[in-house]
Amino acid sequence: MKKKIPTSYRYSWVTRFINFWKKRKLPPVFTSLIFFHLLPSGLVLLVFSLTGYWGTFFSRGFNILFPGFLGFFMPAILPYLTWRYETKVLPRFFSDLSAFLGQSEEAPEDLISKFNKLTKILKISIQSLGAFLQLYYAFKLFDAAQQIFRVPNMWSPSYLIVVAVGAFLVYLAGLGLALVSTSTARQCLIIRSLEPSNINPTHFDRLGGTGFFNRLSVTTAAFLIPMSLAIPFFAQIIPRSIAPNLPFFFVPLAIYLIIIISAFSIPTAFLAHTLKRTREFHLSGWIKEYEKSFTEFRKTTDTNQILLINARTTQLREHYREVEKMRILPWKPNVLFLLLGTLIFPLVIALIQHLLGRLFNAP
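For the sequence shown, position 265 (counting from the first letter as 1) is numbered 265 according to the UniProt record's numbering, and the numbering increases by one without interruption.
These are computed hints drawn from the structure, not numbers from a lab.
There may be inaccurate statements among the hints.
Unchecked claim - In silico BS3-like pairs for lysine-lysine, Cα to Cα no more than 27 Å straight-line:
(1) K288 to K325
(2) K276 to K325
(3) K276 to K292
(4) K88 to K22
(5) K276 to K288
(6) K325 to K292
(7) K25 to K88
(8) K299 to K288
(9) K88 to K23
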């Protein structure tokens, strides 16, 4: 029996939580807003009031929990985007992939084994990196809380609540990052394992039927943009000025931007190489067929045989022209402009909020 690429995918706990409430008629966007923003914020307000830091909270701690657009966007919207990516984007990709590989006559046994083994290793590595970043941010938030509240007791409930909220937000970002990076790694693995015989060079999308890889690359890169918004959000809680803390802001932001660019460019590069091999493979094969038919044409004198050879060479010429139209680079200029705009957007938002912060904090 022919094997297929595994289509089963275990949802993250965020998606399972949203699906639980979706079955109870609560829209996912409201689930994300209520349970990942309003309720945690209300709990923090309650703890601050009970621990006697109410005045300190309103004078200095308010910006930690509600730092403008970014502080509202990250905890409220990112869980919804994670749910949508897992339930809408990835199932369609695996469905298209299964249909695409169904065109081949032989079962891609090696592809299945590589797919299962390497993606497990990649997922563990990516989640370990995410855990390291979460720990790093948790300590940074803990240090920032000490400076803001100026309380001698390091284990004050105020500190612990701030660190818990910050670590939770970073966990959400790390969860989405691990999810998207793993799907990108799977995509690269599949593309590298494809053979020219798996690709139909005359497919209407001019990409041999692999256009859905390009769609996933664009969607993945665009999905990562909200995660880059987490960096200026965390930078805002640093007291006084961001100047002494430039590595805290720019190093993680650079990591996110590199991952965003890689999520699009690396699969695109692999796919371009595969399409180039496919094009050369089919063109060289049809050239040999054409030369063989031409040799038979010169040797035969049978009229019926000549007509058959003419029909076959005409068909070969048509296929050759169609393969020549096959695109080597699986993207269009408008896709690059879209990704460039989404890369600039977080930086513009961070700059606006930084300028507004300086304006309102000016003496």
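Identify every previously stated hint that the structure contradicts and give their numbers, smallest first. Violated hints: none; all satisfied.
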